[in-house]
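Here the protein sequences come in this chain order: A and B. Residue 113, in this note's numbering, is where the first sequence stops; the numbers in between run on with no holes. Residue 112, in this note's numbering, is where the second sequence stops; the numbers in between run on with no holes.
Read the hints as simulated data drawn from the structure, not as lab findings. All C-beta atoms in this analysis are idealised placements derived from N, C-alpha and C, irrespective of residue type, glycine included. Among these hints, one or two may not hold up.
Stated by the list, open to error - With a straight-line cut-off of 25 Å between C-alpha atoms, the simulated SDA-like cross-links for lysine to any residue are:
#1 K49/B x S3/B
#2 K49/B x K18/A
#3 K57/A x E1/A
#4 K49/B x P112/B
#5 K77/B x K69/A
#6 K77/B x Y100/A
#7 K49/B x T111/A
#8 K22/B x N51/A
#9 K99/B x S80/B
#10 K71/A x A97/B
#11 K18/A x T111/A
#12 K49/B x L11/A
#13 K69/B x I110/B
#14 K99/B x M50/A
#15 K18/A x Y100/A
#16 K71/A x P39/A
#17 K17/A x L88/A
#18 K77/B x R42/B
#19 K49/B x S28/B
#20 K65/A x K49/B
#21 K49/B x Y100/A
#22 K17/A x N51/A
#23 K99/B x D38/A
#24 K69/B x Y100/A
#25 K57/A x L11/A
#26 K71/A x D95/B
#27 K99/B x L88/A
#28 K69/A x P83/A
#29 K22/B x S3/B
#30 K69/A x K22/B
#31 K99/B x K17/A
#32 K69/A x S98/B
#33 K99/B x T86/A
#34 K49/B x K69/A
#35 K99/B x V52/A
#36 K65/A x A97/B
As the list claims (entries may be wrong) - Computed from the model, here is a short list of chain B residues facing chain A with C-beta under 8 Å:
#37 P18
#38 L19
#39 Y25
#40 V27
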Amino acid sequence: EAQVTQNPRYLITVTGKKLTVTCSQNMNHEYMSWYRQDPGLGLRQIYYSMNVEVTDKGDVPEGYKVSRKEKRNFPLILESPSPNQTSLYFCASSPLGGLYGYTFGSGTRLTVV
Amino acid sequence: AQSVAQPEDQVNVAEGNPLTVKCTYSVSGNPYLFWYVQYPNRGLQFLLKYITGDNLVKGSYGFEAEFNKSQTSFHLKKPSALVSDSALYFCAVRDSASKIIFGSGTRLSIWP
Numbered sequence: 001e002a003q004v005t006q007n008p009r010y011l012i013t014v015t016g017k018k019l020t021v022t023c024s025q026n027m028n029h030e031y032m033s034w035y036r037q038d039p040g041l042g043l044r045q046i047y048y049s050m051n052v053e054v055t056d057k058g059d060v061p062e063g064y065k066v067s068r069k070e071k072r073n074f075p076l077i078l079e080s081p082s083p084n085q086t087s088l089y090f091c092a093s094s095p096l097g098g099l100y101g102y103t104f105g106s107g108t109r110l111t112v113v
Numbered sequence: 001a002q003s004v005a006q007p008e009d010q011v012n013v014a015e016g017n018p019l020t021v022k023c024t025y026s027v028s029g030n031p032y033l034f035w036y037v038q039y040p041n042r043g044l045q046f047l048l049k050y051i052t053g054d055n056l057v058k059g060s061y062g063f064e065a066e067f068n069k070s071q072t073s074f075h076l077k078k079p080s081a082l083v084s085d086s087a088l089y090f091c092a093v094r095d096s097a098s099k100i101i102f103g104s105g106t107r108l109s110i111w112p
């Protein structure tokens with residue numbers, strides 16, 4: 001089944017403790033992206049990647065890191081999480097630079113206390 | 001700067017009536033426009049897209065959207081609403097730099 005898999009689905013952590021949210025897709029898509037969803041703000045793009053070893057900042061990249069060493073994986077790293085990073089996170093992938101619409105993962109609900 | 005606006009936080013429609021969810025955009029170059037739906041505790045699902053061609057685009061679950069270049073709008077429509085259409089709907093635009101920007105979402109509520 002074609003899908004984007006995120007792990008974990010739920011995570012509660014403490015301020016300053018480094019964490020990684022994994023994202024993997026099995027559709028050989030070039031384009032991958034991370035979003036955070038907050039009430040009233042819709043989805044805001046954190047980082048995106050056009051292909052392996054190519055990443056770019058979205059609208060809210062501060063406090064996040066990403067890497068794209070393999071085509072299928074696009075992990076999101078929070079080096080020192082803070083409470084304002086409490087949010088619902090989505091990974092998404094698409095062929096052809098996002099021209100044909102995304103396939104989204106199921107989301108990761110992160111709480112930083 | 002690129003932007004997407006969904007002017008209505010909530011739209012309420014009686015079952016069987018037509019529905020419209022509004023979206024306007026601002027982007028440099030040719031717009032690539034999308035609609036997504038999000039059901040409770042789920043990820044977003046792709047509904048339809050406009051890249052080029054006919055201004056009326058048909059998508060999943062009987063939804064369609066009308067691209068209007070002069071009004072920079074891409075409103076989502078359905079001729080006859082179902083209770084099961086109740087969900088959160090997002091409009092999105094891809095700009096020339098491959099960034100994809102989402103609107104703030106519109107909650108659609110269909111009452112029986």
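Results of checking the hints against the structure:
{"no.": "1", "hint": "K49/B x S3/B", "in the structure": "holds, 17 Å"}
{"no.": "2", "hint": "K49/B x K18/A", "in the structure": "violated, 38 Å"}
{"no.": "3", "hint": "K57/A x E1/A", "in the structure": "violated, 30 Å"}
{"no.": "4", "hint": "K49/B x P112/B", "in the structure": "violated, 29 Å"}
{"no.": "5", "hint": "K77/B x K69/A", "in the structure": "violated, 41 Å"}
{"no.": "6", "hint": "K77/B x Y100/A", "in the structure": "holds, 20 Å"}
{"no.": "7", "hint": "K49/B x T111/A", "in the structure": "violated, 33 Å"}
{"no.": "8", "hint": "K22/B x N51/A", "in the structure": "violated, 33 Å"}
{"no.": "9", "hint": "K99/B x S80/B", "in the structure": "violated, 33 Å"}
{"no.": "10", "hint": "K71/A x A97/B", "in the structure": "holds, 20 Å"}
{"no.": "11", "hint": "K18/A x T111/A", "in the structure": "holds, 13 Å"}
{"no.": "12", "hint": "K49/B x L11/A", "in the structure": "violated, 33 Å"}
{"no.": "13", "hint": "K69/B x I110/B", "in the structure": "violated, 29 Å"}
{"no.": "14", "hint": "K99/B x M50/A", "in the structure": "holds, 10 Å"}
{"no.": "15", "hint": "K18/A x Y100/A", "in the structure": "violated, 34 Å"}
{"no.": "16", "hint": "K71/A x P39/A", "in the structure": "violated, 31 Å"}
{"no.": "17", "hint": "K17/A x L88/A", "in the structure": "holds, 18 Å"}
{"no.": "18", "hint": "K77/B x R42/B", "in the structure": "holds, 22 Å"}
{"no.": "19", "hint": "K49/B x S28/B", "in the structure": "holds, 18 Å"}
{"no.": "20", "hint": "K65/A x K49/B", "in the structure": "violated, 30 Å"}
{"no.": "21", "hint": "K49/B x Y100/A", "in the structure": "holds, 7 Å"}
{"no.": "22", "hint": "K17/A x N51/A", "in the structure": "violated, 29 Å"}
{"no.": "23", "hint": "K99/B x D38/A", "in the structure": "holds, 19 Å"}
{"no.": "24", "hint": "K69/B x Y100/A", "in the structure": "holds, 20 Å"}
{"no.": "25", "hint": "K57/A x L11/A", "in the structure": "holds, 24 Å"}
{"no.": "26", "hint": "K71/A x D95/B", "in the structure": "holds, 23 Å"}
{"no.": "27", "hint": "K99/B x L88/A", "in the structure": "holds, 20 Å"}
{"no.": "28", "hint": "K69/A x P83/A", "in the structure": "violated, 29 Å"}
{"no.": "29", "hint": "K22/B x S3/B", "in the structure": "holds, 14 Å"}
{"no.": "30", "hint": "K69/A x K22/B", "in the structure": "violated, 39 Å"}
{"no.": "31", "hint": "K99/B x K17/A", "in the structure": "violated, 30 Å"}
{"no.": "32", "hint": "K69/A x S98/B", "in the structure": "holds, 20 Å"}
{"no.": "33", "hint": "K99/B x T86/A", "in the structure": "holds, 23 Å"}
{"no.": "34", "hint": "K49/B x K69/A", "in the structure": "violated, 30 Å"}
{"no.": "35", "hint": "K99/B x V52/A", "in the structure": "holds, 17 Å"}
{"no.": "36", "hint": "K65/A x A97/B", "in the structure": "holds, 20 Å"}
{"no.": "37", "hint": "P18", "in the structure": "violated, 24 Å"}
{"no.": "38", "hint": "L19", "in the structure": "violated, 20 Å"}
{"no.": "39", "hint": "Y25", "in the structure": "violated, 13 Å"}
{"no.": "40", "hint": "V27", "in the structure": "violated, 13 Å"}
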